[in-house]
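Mind docking chain B on chain A? Use the hints.
Here the protein sequences line up with chains A and B, keeping their order.
Each residue of the first sequence is one higher than the one before, starting from 7 at the first, in the working numbering.
Each residue of the second sequence is one higher than the one before, starting from 7 at the first, in the working numbering.
It is worth saying that the hints were derived from the structure and are not from the lab.
Built from N, CA and C at the ideal position, the CB exists for glycine as well.
A hint or two may mislead.
[Unchecked claim] What follows is a set of in silico ranges between Cβ atoms, one per label pair, in the way DEER data are often shown:
(1) A:E203 to B:L74: 40 to 50 Å
(2) B:R77 to A:E203: 28 to 38 Å
(3) B:D218 to A:D107: 50 to 60 Å
Protein chains: 2
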Amino acid sequence: MEIKVLKNIMEANDAIAEKNKEIKKSRGLLMLNIIGSPGAGKTSVILKTIEHLGGVCGVIEGDITSDLDSRKMAERDIPVVQINTGGACHLDANMVYRALDNLEMENGVLFIENVGNLVCPAEFEVGEDFKVVISSIAEGDDKPYKYPLVFSKARAVVLNKIDLLPHMDFNREFFFSGVRALNPEAPVFEVSARTGEGIEAWSRWLQDIFQDLQKARQ
Amino acid sequence: MEIKVLKNIMEANDAIAEKNKEIKKSRGLLMLNIIGSPGAGKTSVILKTIEHLGGVCGVIEGDITSDLDSRKMAERDIPVVQINTGGACHLDANMVYRALDNLEMENGVLFIENVGNLVCPAEFEVGEDFKVVISSIAEGDDKPYKYPLVFSKARAVVLNKIDLLPHMDFNREFFFSGVRALNPEAPVFEVSARTGEGIEAWSRWLQDIFQDLQKARQ
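In isolation and in its complexed conformation, chain A is listed as follows (with noise of 0.2 Å):
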């Protein structure tokens, strides 16, 4: 019986996933679903990614309980959406529908942040076009091997904080073996959101599949 309702829940999270690429194609977003640790960055990085990247952009932020990342976005001006999942562990499909409502965005690139996790996040599709993996230097090198579903199913890999890298015992060879291991063709980026170093070679990665979206749509 226990089964059953969880079938249920994935389907009825699934079915809504697909409601939300509909209202995300007809509306010309590229949709993000951005997943990480606690303090792995995530922030940071969306923030120095839309300075790189110019045009429309708009964040859905995932918390808890706190709105402190989405007062960030707001202070620069950014549209955003706050969703409070009040002690659920990840967004759900659902969650990310009723923000799409909220949120008046067309022709854009649209960062869904999700609740610092590296686990549950990694299981429920909320309808994006890939997810992305945000992991930091400080958290270690043996990520990949431990949370390897997010890192097998992410289409590109943001390692943050490589300005710490002098500050700590990071086998860079290792942290890239263990992605490659699970994730043969997802690029690798390295930044640091503090200094601004990387951010550039990301950014471009994104704006191009972005262009090639709104080529396809014309």
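Structure of chain B alone, referenced to chain A:
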């Protein structure tokens, strides 16, 4: 119906947690539920703490899939049992019950390293004496505000990676205010598992609690 199922799961969990408490008591164990983000340094802090504590110490390692952390314990001849949750984002009481069954250990401090996740592990009792949250400087100063449940439930907070303070924008006062608002009683230990700084004060606090427990048994 869904709520009923969830309630049954929680009730079943709490009943097994009570059994774990009896086992712990009969064996004279101080049992800590160690909770923190991926890469907060849970394993490193536990290793350094065991070095300082001396005496009988053991570890139950919770991980989704790898045995990287338990190998580090075994290399140092620390009694360890690995729990692989196979996807689940937290340890539950039944997993710990089975691990206790496989760990021969009496009159000592047992560290249960939960899955790297600041959200879900806070919701499940496993029969521990108390929870300890390990947060790191590298995660930023806003963690108590964004993940309040675990900070409110913890008996102590360990703030790790203080060696990174000169390289980070971390507002200690903001962090401490966040903890205090949720949990006025919990001591906050500032440590670096890398340099060893602060480990002694934290270990002494733990040792005192363990000795009180031992005295109460006599």
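Ascending list of hint numbers which this structure does not respect:
Of the numbered hints, just 1 does not hold.
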